[in-house]
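Enquirer: So the chains spell out like this:
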Amino acid sequence: MKAPLIHRSPMPGLGLSMGITLTMLSLVVLIPIGALLLKGASYGPAGIWETVNRPRVWAALFLSFRLSLIAALFNLVFGVLLAWVLVRYRFPGRRLLDGAVDLPFALPTAVAGISLTALYAPTGAFGSLADQIGWKIAYTQWGILIALIFVGLPFVARTVQPVIEEIEREVEEASATLGASRLYTLRHVILPMLMPAALTGFALALARAVGEYGSVIFIAGNIPLVTEIAPLLIIIQLEEFNYDAAAAIGIAMLLISFALLLAINLIQVWSRRRIGHV
Amino acid sequence: MSDATFRPATEETPLARRLLITLVVLGLGLLVLAPLVVVFVEALRQGVGEALASLTHRDAWAAIRLTLTIAAISVPLNAIFGVAAAWFITKFDFRGKAVLITLIDLPFSVSPVVAGLCIVLTFGANTAIGGWLVGQGYPIVFAMPGIILATMFVTFPFVARELIPVMIEQGRAEEEAALTLGAGGWRVFWTVTLPNIRWALLYGVLLCNARAMGEFGAVAVVSGKIRGQTATIPTTIEMLYQEYLSVAAFTLAAVLALLALVTLLLKTLLELRHADQLAATHRH
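So the protein lines, in turn, are chains G and C.
Note that numbering that gives the first Met the number 0 has the first sequence beginning at 0, numbered continuously upward.
Note that numbering that gives the first Met the number 0 has the second sequence beginning at 0, numbered continuously upward.
It is possible that part of the hints are untrue.
Stated by the list, open to error - DMTMM-like cross-link-like pairs, simulated, lysine to aspartate or glutamate; straight-line CA separation at most 20 Å:
1) 224(C) to 164(G)
2) 224(C) to 242(C)
3) 90(C) to 11(C)
4) 224(C) to 239(G)
5) 90(C) to 10(C)
What the hints contain is simulated information worked out from the structure, not anything from laboratory work.
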């Protein structure tokens with residue numbers, strides 16, 4: 000016998016809570032995303048391909064994805080280190096540092112954008128230092144990379160931190176008694192335990208970076224083919240009332256987001272199967 | 000063996016520790032704290048008077064008022080959604096629950112610009128719905144309703160995803176007991192459920208509000224950035240910055256940075272004092 004769609008329950012408020020949930024979800028999220036997908040369906044794959052398959056669009060998509068990948072890889076390594084230091088070590092200022100990790104989540108992107116630009120522009124505090132060795136950061140791909148590292152910084156640290164807290168010292172002690180060096184224990188015992196959470200954080204940081212707009216556009220320089228990111232290209236198309244092109248690029252980005260979301264879920268299924276919990 | 004050289008086998012060498020701590024402090028300092036400090040340095044570059052004067056400018060003031068209005072409408076709406084969705088998901092058993100949760104989380108993985116684009120394609124003046132609404136005198140895009148929709152889209156999951164794990168953990172026993180004792184549905188909610196979830200609710204609302212006031216990408220697409228009318232604080236910061244009005248731009252930015260700091264402070268306070276009543280992922 001097939002399970003009923005909704006089980007009978009003595010709890011009150013089924014109609015009201017379901018009504019509010021489904022109505023608001025549809026109105027705010029599903030109908031707008033549906034409108035974009037519908038627009039895409041009306042051009043068909045060939046129509047979307049024709050719009051996307053132009054040097055400027057490819058350059059923007061490729062740039063967004065490539066720099067996001069590098070930024071997320073940096074954050075993967077730095078995030079794991081950060082989580083380890085924050086959980087395991089005690090030092091003055093640790094709580095402050097722990098709070099600072101969330102700053103990129105809390106600071107509005109436009110604020111981060113102009114302050115990063117002020118820092119890394121040739122006249123800025125860091126930019127002028129880099130300028131002396133001929134290294135231009137703001138208005139180049141380096142600037143975009145720094146902005147993307149900034150917005151993705153908390154993800155890996157925050158997903159890995161609870162996992163490190165859960166690790167029982169006995170495991171490390173066992174490894175040490177069996178003659179493993181500290182480095183060997185870290186690499187072959189600790190790191191595999193952190194991997195699923197770290198990869199989830201990595202995918203989240205990547206997804207965030209690919210779609211990031213506010214913190215990037217100020218520092219990017221926005222030169223077509225060189226430092227023009229995909230979200231900016233959508234805005235440019237919209238400002239020229241070129242809705243079809245905007246929608247086509249939007250769909251390409253939506254597909255990348257869905258693929259990353261799927262990857263995150265697969266990582267979690269895989270890790271649940273491997274160690275029994277996330 | 001002297002005490003100074005004794006080290007448990009489950010710890011790194013002091014040198015390695017010191018190296019790692021230095022690395023992390025330097026990294027966070029350069030990447031995260033420096034940008035925060037710069038906001039205030041640039042805002043106060045020409046003195047406190049100049050900064051305050053730029054805040055009282057007509058456009059800046061209009062932007063602050065608009066952002067507060069947008070938050071005052073979209074945050075409560077999302078809080079109501081979050082409570083309703085969490086109630087529906089945790090108090091009832093139905094098929095497709097996992098799909099529903101994924102759909103609620105969806106806005107977090109969509110680019111804000113794409114979110115704005117979706118709203119323009121649904122409610123823009125050249126669409127069926129949008130065209131009709133404009134005809135009735137209710138434009139959505141390039142007007143306040145569009146900004147509210149865009150803000151709600153990007154902040155949609157905040158309250159729900161904070162409440163759902165908390166309410167799953169608390170189970171249904173207390174509500175069921177209240178019902179057996181004859182309490183009505185609303186009474187159960189106000190006197191049993193709400194006191195149990197109030198800190199988690201506050202936590203979700205706090206994060207939702209910070210994002211709502213600071214949202215830039217989605218709002219930039221739908222608002223049209225009409226000065227004094229549809230320009231929020233973040234879009235006004237962009238306009239001022241591009242007109243080389245650095246002090247004015249950074250002063251407004253400092254207002255948002257202060258909001259971010261207050262949010263972080265309250266968030267940390269909640270985590271310290273009510274950790275047992277917040278979602279498990281935040282416990283540390």
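Enquirer: Confirm or reject each hint.
Expert: Each hint tested on the structure:
Between residue 224(C) and residue 164(G) the alpha-carbon distance is near 46 Å, which puts this suggested pair outside the 20 Å criterion. The straight-line distance between the Cα atoms of residue 224(C) and residue 242(C) is roughly 14 Å, inside the 20 Å bound, and the hint therefore holds. For the hint linking residue 90(C) to residue 11(C), the alpha-carbon distance of about 47 Å lies beyond 20 Å, and the restraint is violated. Between the alpha carbons of residue 224(C) and residue 239(G) the distance comes to roughly 15 Å, so the proposed pair stays at or under 20 Å and holds.
For the given pair, residue 90(C) sits about 45 Å from residue 10(C) by alpha-carbon distance, which is inconsistent with the 20 Å threshold.
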